[in-house]
Structure formats: C-alpha cells, structure tokens
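Undergrad: Heads up: the sequence lines are chains F, A and P, in that order. If you read the first sequence in the numbering used here, its first letter stands for residue 1, the second for the next number, and so on. If you read the second sequence in the numbering used here, its first letter stands for residue 1, the second for the next number, and so on. If you read the third sequence in the numbering used here, its first letter stands for residue 1, the second for the next number, and so on.
FYI, nobody ran anything at the bench for these hints, they're computed from the structure. Check the hints yourself; a few may be wrong.
Cross-link-like lysine-lysine pairs, in silico, DSSO-like; alpha carbons within 27 Å at most [to be verified]:
#: 1; chain 1: P; residue 1: K416; chain 2: F; residue 2: K339
#: 2; chain 1: P; residue 1: K411; chain 2: P; residue 2: K398
#: 3; chain 1: F; residue 1: K398; chain 2: A; residue 2: K290
#: 4; chain 1: P; residue 1: K416; chain 2: P; residue 2: K398
Pairwise CB distance ranges (calculated) [said to hold, decoys possible]:
#: 5; chain 1: P; residue 1: L376; chain 2: A; residue 2: A409; range: 16 to 24 Å
#: 6; chain 1: A; residue 1: T288; chain 2: F; residue 2: S315; range: 54 to 62 Å
#: 7; chain 1: A; residue 1: R427; chain 2: P; residue 2: I202; range: 55 to 63 Å
#: 8; chain 1: F; residue 1: Y395; chain 2: A; residue 2: R285; range: 34 to 42 Å
#: 9; chain 1: A; residue 1: P96; chain 2: P; residue 2: I380; range: 37 to 45 Å
#: 10; chain 1: F; residue 1: S369; chain 2: A; residue 2: T288; range: 52 to 60 Å
#: 11; chain 1: A; residue 1: R427; chain 2: F; residue 2: K398; range: 53 to 61 Å
#: 12; chain 1: A; residue 1: V287; chain 2: F; residue 2: K398; range: 24 to 32 Å
#: 13; chain 1: F; residue 1: T115; chain 2: P; residue 2: S371; range: 52 to 60 Å
Among the chain A residues that face chain F by a calculated CB cut under 7 Å, a handful are [unchecked claim]:
#: 14; residue: V30
#: 15; residue: A224
#: 16; residue: S227
#: 17; residue: F256
#: 18; residue: T264
#: 19; residue: C274
#: 20; residue: M278
#: 21; residue: T291
Note that beta-carbon positions come from the ideal geometry of N, C-alpha and C, so glycine has one too.
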Amino acid sequence: MPKLKMSLLTIIGGLTLLSSSAYAGVDAEVSYILNTLLFLIGGFLVMWMAAGFAMLESGLVTSKSVSTIAAKNIGLYSIAGLMFWLVGYNLAYGIPEGGYIGTFLPWSDASSVDTGYSDGSDWFFQMVFCATVCSIVSGTLAERIKIWPFFLFCAILAGIIYPIEMGWQWGGGHLAAAGFSDFAGSTLVHSAGAAAALAGAILLGPRLGRFTETGEAAPMQPFASSSIPLATLGVFILWMGWFGFNGGSQLAMGSFEDSSAVATIFINTNLAACAGVMACAAVSRLVTGKTDVIMMLNGALGGLVAITAEPLAPSPFLAIIIGAIGGIIVFFGTGLLLKLKIDDVVGAIPVHGFAGIFGTLVVPLTNSSASFGAQLTGIIWVNLFVFIVAFAVWYLMKITMGIRISEEAEKLGTDKAEVGVMAYSIRD
Amino acid sequence: MPKLKMSLLTIIGGLTLLSSSAYAGVDAEVSYILNTLLFLIGGFLVMWMAAGFAMLESGLVTSKSVSTIAAKNIGLYSIAGLMFWLVGYNLAYGIPEGGYIGTFLPWSDASSVDTGYSDGSDWFFQMVFCATVCSIVSGTLAERIKIWPFFLFCAILAGIIYPIEMGWQWGGGHLAAAGFSDFAGSTLVHSAGAAAALAGAILLGPRLGRFTETGEAAPMQPFASSSIPLATLGVFILWMGWFGFNGGSQLAMGSFEDSSAVATIFINTNLAACAGVMACAAVSRLVTGKTDVIMMLNGALGGLVAITAEPLAPSPFLAIIIGAIGGIIVFFGTGLLLKLKIDDVVGAIPVHGFAGIFGTLVVPLTNSSASFGAQLTGIIWVNLFVFIVAFAVWYLMKITMGIRISEEAEKLGTDKAEVGVMAYSIRD
Amino acid sequence: MPKLKMSLLTIIGGLTLLSSSAYAGVDAEVSYILNTLLFLIGGFLVMWMAAGFAMLESGLVTSKSVSTIAAKNIGLYSIAGLMFWLVGYNLAYGIPEGGYIGTFLPWSDASSVDTGYSDGSDWFFQMVFCATVCSIVSGTLAERIKIWPFFLFCAILAGIIYPIEMGWQWGGGHLAAAGFSDFAGSTLVHSAGAAAALAGAILLGPRLGRFTETGEAAPMQPFASSSIPLATLGVFILWMGWFGFNGGSQLAMGSFEDSSAVATIFINTNLAACAGVMACAAVSRLVTGKTDVIMMLNGALGGLVAITAEPLAPSPFLAIIIGAIGGIIVFFGTGLLLKLKIDDVVGAIPVHGFAGIFGTLVVPLTNSSASFGAQLTGIIWVNLFVFIVAFAVWYLMKITMGIRISEEAEKLGTDKAEVGVMAYSIRD
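Pulled out of the complex, with its shape left as it was, chain F reads as follows (with noise of 0.2 Å):
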C-alpha cells in the first residue's frame, strides 16, 4: 500500500479503530446493503413467478380461455400489489407478538441503518409472495369464473385472508409462538393458496362436459392444453422464480452464515424440483405407459412447494426423497381430485395444497427445533382459517353477482364473452 494514500485515509478517517474483519462481523452498512440486495434480487425473482403463472395456466386452459388467464394474472398480480401497500403489510406485520391481527394502516418505510435492512425492500419481496397466493388460486377456477368477481375476491385474499394467517408466523404471531415452523410458507403461501381456490372451485362447481354422469373424468380431448412449450415455460420461470422465493427468505446475505445458507436453500431447492420432475416422469410412465410432460412440469413444483417450508436444513439427498415425494403426491392428487370430480384446471391444489402440507409435516425430520404437534397445529390453523372465509367470501359473491359466468358465454368461451378479445389468430 502506497504510504502518500495511507497517509490520507488516516486523515480522513482520522484515528478510529475498527472492527470489520471476517471474525468480527460485517460493518453495519455494508450488511445493511447486502441485505436490501437479497431482498430486491429475491423480489424481482418472484415477481417474475407471476408470468411464469401466466404462462403456465396459458399453456395447460384451452385455447377459448387464454386471453382470460392473460387478463386474470396480469390483473391480480396489479390487485395484490395495491392491496398489499394499502392494508395488508401492516395487518401481517403490525401484529402484537403471539397475537392474531394487525393493523389496517398503510405502509410506509421507516429504514435506518439500524434496522438491518431497507424496510421498502422487505415490503416489495413480502408484496410479491401476497401476489403468488391469487396466482394459485386463478389456475384452478380457470374458464368458467367471471373476471371481476375473481378480481374481488384476490383483493380481499391478498388484501385481508393472506396477511392475517401469513402474520401469525411472519408477523410474530400466535403460530410463531407456538413453534411453527415455515421457512418460506409451503403452508402460509401455497397451501394456503390452495385451500382458498379449493373453496372456489366446490362452489363453481366444474366446468361443462368435464364430468360424464357415472363420475368418471370425461375424455380429455375437448380440455386439451392450448400450448406445452408455454406451460414449459410457465414451470421454468418458476423454478427460477423459486431461488428468490426460498433464497430471499433467509431475509440476510450480509454475514458469512447467511449467504453460505442462501447458496444451501439454492441447492435444496434446485435438487427438489430435479425429484420432483424425474419421480413424475418415471411414475406415469410406469402407471400410464407414456412419459406425460405435464405431470413432469407439475413434479417440478410440487417438489419446489415441498422444500419450500424448510429449505435450509436438509441435506442434498433427504432435499432429493423430499423432492420426490412431492412429485408423486402430485400424481396421486390429480387422480384423487378427478375422483372427487372436483375440476382443478391446472392441477393447482394438488401442487401448492397436498405437496405443501406434506412439506411441513415433514420439517422435523431435518430441523431440530420444529415439533410434528406445532406443524400440525400450523397446518390447521392456517389451511381451515383460508378455506372458512375464503367459502364464505365466494359464497356471498355467488349469492349477490354470481362468481360463474353464463351457459352460453362458457361454451363460446371467456375471451370472446368477457375479455373480447382472442388468444390466437394464426393463419398459414
């Protein structure tokens, strides 16, 4: 080192004895720094979630109800972000400790160095997992729900439902208190997700044809997907998307531990998604004879939803069995809900609900301090609480301006009855 710039870095600094070496902690600022970085990179990733939803539901609706989903996504990733500034951050965060509900103030940002990191950069990548829980819901009532009473109903979800069970743990609340444990919300996102389109779909009741009389699915020919390489692209936005989602919950990256376990949830999470396609692909190729694209595109996020809850703890192999086991519930799921001939167009509630519960009952294998009782006791809470009055807010809708549109406008198709405007024009 040069003595003329030493000379004048003690002069500016003057004589201040510091302690900012690798052993003793990152200087505050930088880790202040590093930490709003982590948010923002992580939020920007899963905002990008949001098209990777678009394309997915884009490719696996039918081709009469593209432009739909194109409207209903773009819509309620809008819907949740002005919800979300305007009630929801400070009813998740402004809960008392072990308490159930917070405030319904407006965020704003009180950042100081002091705080660890920019309040602002935590409310973008809070707001864009609030939007992923409308998301998961647009996909399973696809091609019969009416535009805006869907988009009212993700404005009380993202607005209200979501914030209030998500602040139970997030926020410091009851669940935090009881010991439940979910990393980046496999139950407080994506089952939650799912219990709310669960609720939506019984009262809308299936699509038309898709169920024959003796209960059995009907051909899949008139459903057929619009488009696999955009389902496809759909899935790989979202594995993406998934590294911000799960790496960004580790909410720190200015320390040694905390980017070395930021690299460890990329690893986990990668690995179970690479499960979660492979267990799928093998098992309906066993089970059905061909190798269904699909159900790999949905093993991949039902081993992403599965590593979701606890990211961190597990070692690359059990990251792989938990992956796995998420892809085939996947499977398994889809043939259930057909069964209960429940009409889940995209597959949604078996991916985001039952790989997301399995998810976090199974965190005490890895994590020590998570208890199967509390993850229970988090699932119940949480899954019932969503389903309750995410039913009673579609069913009021139902009663007062109808959630279904008509017979007539279903069998012309929701993007010539409600959005005007078709998917694909293409001509030779």
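Chains A and P: place on chain F using the hints.
TA: Chains A and P only, in chain F's frame:
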C-alpha cells in the same frame, strides 16, 4: 479475531487506521463493487427488456409478420449495441458542460476505484437503454417497413440521434444546465422513441386496408393479434426489466441512502404499473363492455413509462395516481391515433410518447428541485429534435432506397416476402 | 463517527488494526459474500439457459415433437442436477493436480471464510454448466430419439463424461498443466456437447425423408419450424443467461479487479453476440436473398459461443470480430452438415461445436498467456474423448435397448407416440 490473523493483516496492510463504519461511509472499494453490481444487474434486466419488446410485438402483430418482427427485434438490439460502442457513448458523455454534442470516438474503459464504479458496467447499462429506444420504433412500423432500411434507421437512431439528445441531460449538457429533470428517461428514452416512431408512421402510411375511406378504422379482424399469451409474456418481461431500468438509474447502491433509494424505486415502479393495469381494465370495461386484455397490457406499460421520469420522490399513493393516469392516457391516446388515421401497430406512441410526456410534466409535483418550465423545455427540445431529425432521415431513405415493402409483399406478408421463414407451422 | 459507537466497536473487536481500504483489499468476509453472490446470480442466470434451450428447440422442431422436446429439456436439466451432485462434482474437482480423474463421492459443503466463497454457491454454478452440455445434445437428436435412452445418456454425460474432461482443465488436471486456456467453456462445455450430439446423430441417422437419394436435403416444408417467436425467445433467454455463464466464470467479484473484469466480460459477450447476429443477417441476405431469422438467431449463439473461450482479454473491437466470425461459421457450418447428410435439427453442432472450436483456437490472439499448441491440444483431447466415449455409449444403447423410435411412431410424431400430450390445441 485470532491473533495470528491480525498479525498477518497487520503485515499485509500496514498500520492503517480506517473509518469504514456505517456512519462514516462504506469502504471505497466495497462501494465501487456494489455500484458496479447495480449497473450489471440493472443492465441484464434492461437487456431482457429487448426480449420483452420482441414478445409483445410478436404477439400483437398478425401472424404473417411475426418472423419479421423477431428478426427486427434481435437485429435492432444488435445494431444498438454495436453503434453505441462505436459512436453513441462518447457522443452523449463526451459532451462539454452545458453543451450540445460530444465526440465521435469509440468508447473505452477508464476505471479506477476513484471513479466509484466500473466504467464498463456503466457503458453496458447505458447501452441497453439505447436499444430500448429502437425497440419502441419497431412495433409502430410493423408489417409494412422494409427490414434493411429499418436497420439503417436504427443505426442512426442508436448511434447518433438518441445519444445526442440524451447527452443534453445525462451527459451534463444544456438541458441539465436548464434544470430539466428526467430520472430514468420518460422523455429522453421513451417519448424520444415514440417521436421517431411517429415520424416513420406518418411517412410510411398505414397498413393496406387499415382505415376506410370514411376515416374509420377497419374492423379489427384482418389485423387480429397473433398471440395474446406472448404479448402478455412480453409485458411481464418488460415489467421485470423496468426494475433494472428505474432502479439502476439510481446509479449507485454502495451506501445506506442509495440502496434504500433503489428499494423505494422498486416499490413506486411496481405500484405505478399495477395502477396502470387496473385503470385500463376498469376503463375498458366501462367504455367497451369488455375487459380488454390488450388495454391492460398497454396500461401496465403506460404506468411504467409515466413513473420513469421520477420513481424516487413520490409517495406510494402518488405513484399509484401517476400510474393510473398513465394507463388512462394510453387508453384514450390509442383511440386518438385511430381517429388521426396513424397506424401504430402495437400502440407504442400512446404508451411511450403520451404517457412519457405526462410523466415528465408531473415531476415537479413530487420533486421540489424540478420546475414546470424546465420540464416543458426538456420535453419540447427532445421531442422536436428527435421528430425532425428522424423525419428527415426517414424521408431521405424513402426517396432513395424506399422504406415500404411492395403492395404484393404486404399482401403476402413480410415473413414470406422478406424473411423467408413462416412464424408458425402448427399441425395436429 | 460518534464516540459511543467507536467505543462499542473497540470493545467488540478489540484493538484490531485492519487494512480493508480500497488499496489494501476488501474485508475477507465481505469478499466472501460478494464472491458467493456472483456464483448465485451467475447460477440462476445459467439455470435460466435451460429454459432458453427448451424454447429454442421447441420453436425449431416440427409441431408434432414439441411436447417431447419440452419433456426432454426439463428432464435433462433435472438429471444433470441429480447426477452432478451424486458423482459429477467430485469427479471434476476431486482430481489430483495434473491428473485425469477425481473421486466418485457425492459432493458436500466445506465452506469457511478462508475458502473465499461458499462451496455451495460454486456447486450450484458448476451444476448449471453441466446441464448446458446435455441441452446441446437434445436439439440435434430431436424428433427421432427415444426419451428414456436419451435420459440415460444424459445421466452418463452429466455425471461422468463431462465432469471428467472438465476436470482436466477447471479441476486442475492435465490440460491445465499443459497451459490450455478456456475461460468459460467454448471447448469444455460447448464443443463437448456438440461432440456428444454428433456421435448420437451419426448413429441415429436423419429423420425420415430429410434427405433424398441424390444427397440433397429435402425441401424444408415438412420440417418447418413450429414457432419462430418461441425460438427467438429462447435465444434472448440464452443471451441473458450468458452474462451469468461468462461473467460468473470470473469466479470472484469481491475486489476492484474482479468486479471490473465482470463488467468487461459483459461488454465483450454482448458485442460478440451482436456481431454474430448482424453477420448472419448480412450473409444470409447476400447468399439467399432473404434475411433469414433462424440464421440470425443461431448467429447470436455462434457469436456467444466463440467469445466464451476468452471474454475478458479482447478489446471491444476484437470481441466484435470474433463474434462476427463465429456467426459466419454457423452459417456455412449449417450448410456443410446438410451436405454431409447429418441431420442436426436445431443446428447445435455448427453453433456449439464449430464456433466453440474457433473461439478456443483464437484465444492466443488476445491472451498472451495462451499458446496455439496448448489450445490445439485441449481441443483435440476434449473433443476426441467426448466423441469416442459418447459414440461407445450411444452404440451400446443402440444394440441393447434401442435409441430410435419406430418408423410408425416417427410418422405419428413423438408427442403422440411417447408423451401422449399434443403440444398445441388451438381452435378459433
């Protein structure tokens, strides 16, 4: 800290007395790295916007021009990159203080820790902005412009026209001296692109059969968009990229203040887009009876463009208002262009031009260092300059090489006539 | 700095005399975090390239093989991830200095601040490279290979073949000792993938009806690409991901030098791709009369592959030259393969093989520490090894389980025959 370690560091570093605490500022090299990182992350996100424009335009044009749009979009991004290195950067940033034009020298790197960020990362970040200007032009002129004259225009726009006017502000030229304020380029980038597109659209004329004798627009059918899901994907990509566009325009992240500012920018950018979407959803539903998904998509962009002139100063509430008005401007601006019989295939002029001017005008409402007079000055200088020069360039090309494909080629479609590759070949 | 704060820090840290100034090096823990962050960002960008390959290949194959390509691409990424954890990483990095092969142990994490970055982040980054090699193979063999034999080959390629040859260089093996230079893998990744693809293509033979008796290629029509916009999206994704591929290969970001180097790499990577696009646009226009968009897309990739061997040392001007030649090589290489009656469905061999070898060969022109002799040695070792082993594996699979679908299945299309899901179902 172990003694051995300390001794080693003492030997390596000498008896340096440093002040890199949170309250005395971040270490200069760390700050350099973080600032550079912001440019690199912002840069790849804005680069990604090129894909967003490509998908948006591919989705909105008719299916006989999609391969051409793909060729134009990957071509324009390439040309912009090459030209911005060859002449653009130094035309903008080699400008004398308060001046009008820089030098025509190629860019070269001159980084040191004292410059505060890597020169190369800044070049990369500025280059992708330059490509955005060309992307805006591409959509307006689709389906009837010849490819190579379009490429030539892009070279001039990216290499000369945009860098000159951008340097007036961001290079420290006369608009900066006049107190003009345009944080990330509502005017310098977006309305500039729209002005160049407008000049081209006037000289090029509308697509065959787009407007009837009586002045009304022909029914949409023959001009139906080829793929709404791709257009939706395009908007999600652009939205994601905009976090880099606006967030990166903070130009630094290596301090408490800067990293917090980037977070605020993310929030405002996102809320403005959300508001633009829902404003257009509501207005289109009220005016036309349908929830027009294309309007929602362009509404997102209108909100994004409007907030781009000042994404840091507004409160979240004001960001929502600005975004909503941006969206509504797009809705009515689109109708206005139809009345004027200007054929803007994807609606780029209302989105980037009208919403961009609006966003620039309202900066003084939230940023007290801006004035309406200076804003108006900047808007007029930039838009007039770009429109006039672009008009002259388009005109010279029109009377020499020609800019419009033959009537026969237009009926055949540019994909067959110019690219020789059909966009879709889908068989059951 | 407030006195209280200083006192506290003095107590916490002891009387540590540190040198973390810009000129004496960044604090070790901060550097660790930043290096880890580079791997994580680079890693998710390269992971994203798997989506790019999936879209590129989905777009370029005929519409009766798109679901299969989707299944193969998400499957191969999953297999690569699982295998690279199970055996790949330690085969490559457990290699003795100057040696030929590592150990067959699963990877495990061994990070400390002194390792300079999180071991896990490095695993993640290396794993996604491994997936890239398999992606390259997928496109060449499309439309006629059986899914599960392809998956088995990927397991061997990702788990054994690629890690062994990659370890020769990046694991410090015999090629590193010989002075071979391949910054981010023009040879180790790209031409290796192409060599494996070529072996498969020879043993598999061309698609039915692809070449006539007289040796000329059949007219394109029956083999028309299903979706140019998806292929374009794929290339934009790959381009974006390449910033992670090349930028992350700097392997560190925690210093002035490293972060500046990453910026330089971004610039050169981008300019090479730009030049590849425009070189192919010009050449295709001059040679065929049409501005062939598929050639522009593959030209981008040719430029990217060519610069990958040395994206740091070249000046921007030389990066442009290297990229342009890479693009032109793709153009003429594609014609050469047709003459040789080798059916490479997406052009992966010219892109990754020919341009990769070219890029590796010209490293000594810009990097004075490289020599042509060492480059040639590395190219021959890697390509011969991969080709021979891959050929043997493909051959063994061919004579045992079979690698090609039946003639009947090929006429039907692999989507119907193997996956049971049609890619597109679009109705007006």
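Undergrad: Now tell me, hint by hint, if it's right for this structure.
TA: For each hint, the structure was consulted:
1. Proposed proximity of K416/P and K339/F is supported: the alpha carbons are some 25 Å apart, at most 27 Å.
2. With a C-alpha separation of about 20 Å, the suggested pairing of K411/P with K398/P holds against the 27 Å cut-off.
3. Pair hint K398/F plus K290/A holds up; C-alpha atoms about 21 Å apart against a cutoff of 27 Å.
4. This hinted pair checks out: K416/P and K398/P have alpha carbons roughly 22 Å apart, not beyond 27 Å.
5. At roughly 48 Å, the beta carbons of L376/P and A409/A sit outside the given window of 16 to 24 Å.
6. Between T288/A and S315/F the beta carbons are some 57 Å apart, a value that agrees with the proposed interval 54 to 62 Å.
7. One distance hint, 55 to 63 Å for the beta-carbon pair R427/A and I202/P, is violated here, with the actual separation near 29 Å.
8. Distance hint for Y395/F and R285/A: a CB-CB separation of about 24 Å, inconsistent with the stated range 34 to 42 Å.
9. In this structure the hint that P96/A and I380/P lie 37 to 45 Å apart at CB is violated, the actual value being about 55 Å.
10. At about 56 Å, the beta-carbon gap between S369/F and T288/A stays in the expected band of 52 to 60 Å.
11. Look at R427/A against K398/F: about 42 Å separates their beta carbons, and that is not inside 53 to 61 Å.
12. Hint check: V287/A to K398/F, Cβ distance near 28 Å, so the stated range 24 to 32 Å holds.
13. Here the CB-CB span from T115/F to S371/P is close to 55 Å, well matched to the stated 52 to 60 Å.
14. This hint holds: V30/A has a C-beta 6 Å from the nearest C-beta of chain F, less than the 7 Å allowed.
15. Nearest Cβ of chain F to the Cβ of A224/A: about 4 Å, under the 7 Å cut. The hint holds.
16. With its C-beta approaching chain F no nearer than about 6 Å, S227/A sits inside the 7 Å limit, and its interface hint holds.
17. Hint on F256/A holds. Least Cβ distance to chain F is approximately 5 Å, under the 7 Å limit.
18. Residue-level restraint check for T264/A holds (minimum Cβ-Cβ distance to chain F is 5 Å; threshold 7 Å).
19. Against a cut-off of 7 Å between C-beta atoms, the interface hint on C274/A holds, since the closest Cβ of chain F lies about 4 Å away.
20. Here the hint on M278/A is kept, as its CB sits about 5 Å from the closest CB of chain F, short of 7 Å.
21. With a least beta-carbon distance of about 5 Å to chain F, the hint placing T291/A at the interface is held under the 7 Å criterion.
In summary, the numbered hints that this structure violates are 5, 7, 8, 9, 11.
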